[in-house]
Amino acid sequence: MTLLLLLVVSGCTGPVRSSGVYESKAANTARKTASAVATAELAVQAATHDRTFGRTAAQTLAETARDAGDVQGIFDSIQPPDRRSDQLRSQLDDLLQPAVSTLEDLRTAARRGDVESMARIAAPLEKLAGELQDFDEAHR
Amino acid sequence: MKNLVQVALGVLTAIGGFVDIGDIVASTATGARFGLALAWVLVVGTTGIMIFAEMAGRVAAISGRPVFDLVRERLGAGMGLANLLASFFITLLTLAAEIGGVALAIELATSVNYLLWVPLVGIVVWVVVWRLPFETMDNTFGLIGLALVVFLFAIWRLHPDWAGLAHSALHPTVPQGEGHPTYWYFAIALLGSAMSPYEVFFFSSGAVEQRWTRRDLIINRTNVLIGFPLGGLLALALMCTAAIVLQPQGVDPSHLSQAALPVSLAFGKLGLALALIGIFACTFGAALETCLSCGYTVAQYFGWQWGKFVKPAQAPRFHVVVLLSILAGTLLVLTTIDPIQLTEYSIVLAAAALPLTYLPVLLVANDRDYMGDKVNSGASNLLATVYLLLLLVVSVATIPLLVVTKAGG
Amino acid sequence: MQAAGRVLDAGLKLLDRQLIDSQGMLAGKVDDLELTPSEDDPKVLYVTAILAGPGALAGRLGGRLGHLLERVSNRLRDTAEDRPARVPFGVVKRIGSAVDLWVAKEHLETDRVEQWARQTIIAKLPGAGDAPQ
Amino acid sequence: MRLSELLGCEVVDERGRSAGKVHDVRMVQDGPPIGQFGASLRLIGLIVGRHAIGARFGYDRGAMKGPWLLRQLAGSGSRSGRYVDWELVRSVDPAGARIEIAGSVDDLSPPEPMP
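Chains as they are written, first to last, in the numbering used here: chain A, 556 to 695; chain B, 4 to 412; chain C, 44 to 176; chain D, 834 to 948.
Some clues are possibly wrong.
[As the list claims (entries may be wrong)] From the structure, some residues in chain D lie toward chain B, with a derived Cβ separation under 10 Å: (1) 889; (2) 899; (3) 901; (4) 935.
[What the hints assert, rightly or not] Using C-beta positions, here's what the derived DEER-type ranges look like: (5) B:89 - A:631: 38 to 44 Å; (6) D:849 - B:312: 53 to 59 Å; (7) C:163 - B:134: 17 to 23 Å; (8) C:66 - D:906: 49 to 55 Å; (9) B:228 - A:605: 38 to 44 Å; (10) A:575 - B:176: 25 to 31 Å; (11) C:118 - D:936: 44 to 50 Å; (12) C:66 - B:11: 47 to 53 Å; (13) D:901 - B:82: 21 to 27 Å; (14) C:155 - D:936: 43 to 49 Å; (15) B:170 - A:575: 32 to 38 Å.
I should point out that these hints are in silico values taken from the structure, not numbers from a laboratory.
Virtual Cβ for every residue (Gly too), placed ideally from N, Cα, C.
Can you make the complete structure from the sequences, with help from the hints?
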């Protein structure tokens with residue numbers, strides 16, 4: 556019985572029929588990606604002000620990169636049911652792609668302990684986070 | 004009068020011992036998502052565990068009977084066994100979550116994958132339980148766990164909008180864009196994290212382990228009346244720092260690293276070190292409490308000799324159950340199930356199962372044959388009954404909410 | 044010795060009560076009672092023993108939980124007989140909120156599984172015999 | 834015979850009317866001496882009635898203080914119990930979980946509460 560429950564609760568992704576459901580999944584994806592981006596910003600802020608340990612920053616940034624990658628993977632696996640959803644998908648992908656690649660670059664820099672370049676790499680994150688949050692609010 | 008050191012030690016241990024991985028995850032997630040709109044649940048939960056633990060401690064001190072011995076006597080063998088299976092499963096789930104929590108804390112300090120630490124954590128937990136005397140074990144990790152007080156100081160250091168915080172706490176409203184079911188699901192998770200049943204199994208068995216008598220009721224009362232609220236304050240501090248730093252940024256925490264961010268921003272490396280040590284000590288201490296509670300519940304139901312106050316050879320089946328529980332908990336984490344997700348399920352199921360063990364303790368605390376003049380006072384009976392009804396409502400609402408909100412997803 | 048002529052409800056006062064041996068050690072629970080007819084009048088039943096251990100409990104619970112316990116206890120028990128372990132009622136000293144016994148539990152049949160667990164697992168671990176600090 | 838085989842048996846009178854299930858068994862200590870215990874316990878009667886949560890919770894004894902709500906919920910169950918003297922029992926069929934007694938269900942009175 557509990558196994559059945561865990562399956563239901565884990566929100567397995569099946570085909571999506573209505574564009575409404577697709578839209579809410581897109582909003583949810585944006586929200587989760589924004590959360591990972593915001594976490595990365597805080598971690599970089601701590602690292603550049605020497606307020607965290609190198610290993611802790613590396614671990615935090617590794618997690619944000621993995622989270623953003625997973626969320627994008629799940630979203631891309633959902634077939635958009637109609638033309639309007641196609642448009643939504645490409646609009647969101649324009650945000651997800653740079654976010655994921657920036658977080659991956661940050662992870663690499665953090666693992667090397669290269670704090671200086673982390674600040675530079677993280678520069679676009681603030682704008683991205685804002686756009687992702689706007690997307691989430693617009694389509695929730 | 005028990006000497007002051009004993010009383011003080013009990014209080015400090017109760018503070019450190021109150022917080023575990025469930026409190027850390029629930030308080031941080033709630034603070035980041037709802038600000039302080041659910042702070043009132045921490046007050047309700049802390050009061051609830053105070054009532055439950057005080058009764059269980061008093062019953063154990065006066066009648067020498069720990070919780071699961073009473074569960075079988077008052078509910079009968081059949082209901083008692085069903086109760087045992089449910090409570091044991093949930094305590095085992097919590098044990099696995101605590102072992103996972105310890106490994107995550109080490110991973111956060113070393114950036115080495117937590118799965119590598121899990122077997123080591125399991126072994127060290129067993130060695131500590133097997134070798135260290137009860138009081139040394141309980142006090143050590145409870146005291147180190149006080150390092151979490153850094154979260155309390157971080158609130159001041161982060162210069163929050165005090166008025167805003169107070170308003171959000173005193174006028175709880177569901178934030179725009181959040182569903183009511185999700186709000187109530189988080190409320191139940193928070194209540195389950197504050198009122199963890201294993202803490203009562205451990206607290207009442209600990210009273211027998213330490214051979215409490217009438218004279219120790221003072222310690223029972225101070226531990227509960229001073230230690231638990233301050234423990235609840237630590238959980239509130241975790242919620243506040245998340246509300247101050249994580250909520251405005253839209254961070255929805257699902258890792259320990261996010262919970263530690265506010266402290267490292269406030270106090271830098273020293274603060275982060277204290278937070279990591281505190282998290283490690285609390286989750287490790289809770290792992291000890293949960294694996295022992297697995298042993299206590301089973302041994303007390305079947306009537307086997309149990310406890311660390313006797314030689315291990317004199318309580319073999321108790322120690323076999325503790326050993327197997329640690330093994331099972333460790334293997335469960337090694338299945339790579341996310342420890343944070345595991346924690347969320349353990350605290351929600353704990354909330355649902357609370358009435359099962361709360362009821363028998365309430366009954367015996369009213370029985371003059373067992374308690375003599377130390378039965379519940381009229382006032383405590385009224386409050387205890389209100390909580391029984393609350394817990395029944397919670398246990399009915401838990402599973403539906405779990406499904407509707409996809410575990411708060 | 045108990046006050047002769049005393050009346051008690053066995054289900055409430057005996058069943059599921061903790062057995063405590065002469066050394067104060069916990070020796071299992073009263074899982075069931077053995078009733079034996081008297082020789083001269085088979086209708087009259089006397090309590091002749093306490094039945095303790097998963098075997099006895101399994102019989103009493105029945106249903107899924109009972110069978111689960113039955114399988115566990117049969118595998119654990121190392122003797123051939125399938126009847127549950129007995130504590131002769133003669134060793135009962137006092138019936139209070141728990142049941143005190145005149146003898147140490149090592150002398151009772153119900154201690155077999157405890158000894159098995161001690162020898163095969165616990166005794167092999169370092170420090171098993173050390174006194175509690 | 835085991836005590837558990839009596840518990841839960843349906844008690845039926847001469848006309849087949851049921852008095853409910855056995856949920857406890859009354860004993861008196863006046864049998865032949867047994868070991869160091871003294872006189873052995875002799876079975877003298879059955880406590881029969883709807884499932885008595887009250888008795889198990891302890892509410893049929895005077896020693897329970899409260900809480901009020903639980904006393905009300907549990908209290909009602911226990912008073913409806915009936916006492917069947919062992920002399921009335923005609924036959925005991927543990928396998929069929931059925932006990933037949935002489936006389937009628939209506940003649941049975943509630944058990945006196947134990948100290």
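Cross-check of the supplied hints:
1. The restraint placing residue 889 of chain D at the interface with chain B holds, with a minimum CB-CB distance near 6 Å, inside the 10 Å limit.
2. At its closest, the beta carbon of residue 899 of chain D sits 5 Å from a beta carbon of chain B; the interface hint therefore holds under the 10 Å criterion.
3. Below 10 Å, beta-carbon pairs count as interface contacts, and residue 901 of chain D has one with chain B at about 7 Å; its hint therefore holds.
4. Interface hint status for residue 935 of chain D: violated, as the beta-carbon distance to the closest one in chain B is roughly 30 Å, over 10 Å.
5. Here the CB-CB span from residue 89 of chain B to residue 631 of chain A is close to 41 Å, well matched to the stated 38 to 44 Å.
6. A C-beta distance of roughly 57 Å is found between residue 849 of chain D and residue 312 of chain B, which places it inside the suggested range of 53 to 59 Å.
7. Take residue 163 of chain C and residue 134 of chain B: their Cβ atoms lie about 21 Å apart, and the range 17 to 23 Å holds.
8. About 41 Å separates the C-beta atoms of residue 66 of chain C and residue 906 of chain D, a value inconsistent with the hinted range of 49 to 55 Å.
9. Restraint check, residue 228 of chain B to residue 605 of chain A: a C-beta distance of roughly 42 Å satisfies the suggested window 38 to 44 Å.
10. For residue 575 of chain A and residue 176 of chain B, the Cβ-Cβ distance of about 27 Å falls inside the hinted range of 25 to 31 Å, so the restraint holds.
11. Checking the proposed 44 to 50 Å range against residue 118 of chain C and residue 936 of chain D shows it holds: the Cβ atoms sit about 48 Å from each other.
12. Distance hint check for residue 66 of chain C and residue 11 of chain B: the Cβ-Cβ separation is about 35 Å, which falls outside the suggested range of 47 to 53 Å.
13. A hinted range of 21 to 27 Å holds for the C-beta pair residue 901 of chain D and residue 82 of chain B, which are about 23 Å apart.
14. Between residue 155 of chain C and residue 936 of chain D the beta carbons are some 46 Å apart, a value that agrees with the proposed interval 43 to 49 Å.
15. Taken as a hint, the range 32 to 38 Å holds for the pair residue 170 of chain B and residue 575 of chain A, whose Cβ atoms sit roughly 35 Å apart.
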